[in-house]
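Model the full structure from these sequences, guided by the hints.
Protein sequences appear in the order of chains V and Y. Each residue of the first sequence is one higher than the last, beginning at 170 in this note's numbering. Each residue of the second sequence is one higher than the last, beginning at 24 in this note's numbering.
Possibly wrong hints are sitting among the right ones.
Below, a list of computed lysine-lysine pairs in the DSBU-like style, where the Cα atoms sit at most 35 Å apart [unchecked claim]:
#1 Lys46(Y) - Lys390(V)
#2 Lys46(Y) - Lys233(V)
#3 Lys338(V) - Lys46(Y)
#4 Lys241(V) - Lys74(Y)
Hints listed in this document are in silico derivations from the structure and should not be mistaken for laboratory results. Only a predicted model underlies this, so the values are computations on that prediction, with no experimental measurement involved.
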Amino acid sequence: MATNQENHELTPTEYIQHHLSFNAQGVNGNTTNEGFWTIHVDTLATSVVLGLLVMLAIWLVARKAHAGVPTKSQAFVELVFSFIDNQVKNIFHGNRHAFIAPAALTVFLWVLAMNAMDFLPVDWVAGVASLLGGEHAKWRPVPTSDINTTFALALSVWILMIFFSIKVKGFGGWIHELFCSPFGAPSFKVPKSIGGLIALLASPLLFLANFAFNIIEYISKPLSHSLRLFGNMYAGEIIFMLLGMFAASGIAGTVFGAILGAGWSIFHILIVALQAFIFMMMTVVYLSMAHESH
Amino acid sequence: MNINLTLVAQAIAFAILIWFTVKYVWPPLLRAIETRQKEIADGLAAAHEGKNALEVAAKKSEVTLNEAKQKASEIIGQAEKRATQIIEDAKGTAITEGDRLITGAKAEIDQEINRAKEGLRSQVSALAIAGAEKILRKEIDAKAHSEILSKLAAEL
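Structure follows, in C-alpha cells:
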C-alpha cells in the first residue's frame, strides 16, 4: 500500500523526499525552485480550499442563526462559538467581539482543518496527485507542516500585535514602552556623590536593556508561535511516513504498520486539536498583551 | 523548508478569512446567542414573578374565603334568628286569631242560642195561645188575653 507504482525500486530516502517536497511553482513558470519567488501550490490550494469550506460552512449556519430553539447544526456552531468566546473572555478584557474573538475563531477553525489533513493517508494523497498530474506529481496535504503557512499566520498576528499596541497606546506610547519597560525608565536627578554621578552616567543603559529585552520578545513570539505548530505537524507527518515505510516491508510490517498507524492517528487527533487550540490561545494572548500597557 | 511567496499568499488568505469572520460570521451568531440569553433571563424572571404572584393570589384567596365563610355564618345566624322570630310572631298571631275566632264563635253560639230561645218562646207562646184558644174558645176575648200572654212569654 505504501509505495507508488514506479519502475525502479523506491528507496526509503526517495520515498520520504517525495512525500516531503512541495508542489512548487516559480512565478516565472519554472516548476523548480526560484528562491523567494516560488509558490507552494499544494499548501496554498489546500489551505485556501479548507479555509473557504470551513468559513462558508459556519457562515451558512450563522446567516440563519436565530434566538429560538436552535437546529442541530446551529447548536454545534454555537458550541464552538461559546467555547472560543469563553476562552477569549478569560484572557482579553476589552471589547472582544470587535476583532479578537472572531479572529480567534478563524484561527482555531482554519488551523484545525489544516492540521486535520494529517489524517489523510499520505500515500493516497500522493496517489491521487500522481493520477492527476503524472508520476512525479507532488502534493503535501498538510498546510501547517509547511513553515510558510505557520509563519504567515504568526507574522500576521505579529503585525496585528504591533498594530494594536500602537492603536491602544499611541505611537509615542509604543516607543516609550519599547525603551522603558519592563525594567523601568531611568530617573535623572542631580547627583550628590561620585557613585550617584556614575549611576547617572550609566542610567541610559537601562534604555538599552529594555529595548534589547523587547526586541528579543518581539522576535521570539512569532518564532515560538509558528515553530511550535510547524514542528508538531511536521513530526506527525514524518511518523506517518515512517509507518508507511514499515507497512511496505512485508506482511508483518503491513499488519504492525496498520496497527501502529491507527494508534498514531488516534493520538494525533489529540495533537491536531491541541495544537490548533494552543495556536489560537497564543494568538489571543499576544493580541491581548498588546492591549495592555506596562 | 524555504520561506517563499507562499507566506505572503497565506497571510493574504488569513487576512481575508479573518475579515470574513469578523464581518459575516461572528455578528449573527453573537446576536442570536445574546438574544437567546436575554430571552432565557427574561423567562426566568417572568417565572419568578409568576410564582410570587401565585403566592400572593393564594394568600388573597384564603383571606377572601375566610371572609366569605364568616359572612355566610353571620347570614345563617341572622336567618335563623329571623326564622325563630317569624315563628314566634306567627305563633302569637295564631293564638290571638284563635282567641278571636273562639270569641266570635262563642258570641255566635250565644246569639244562636238566644235566637233559638226567642223562636221557642214565640212558638211556645203561640202554642199556649192556640191551646188557650182551644180551651177558652168561646168566652175569652183573644185580643184582651193575647197581651197578657205575650207578657207571659216575655217573662219566660
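- prompt: Out of the numbered hints, which ones does the structure contradict?
  reply: Of the numbered hints given earlier, the structure breaks none, since each of them holds.
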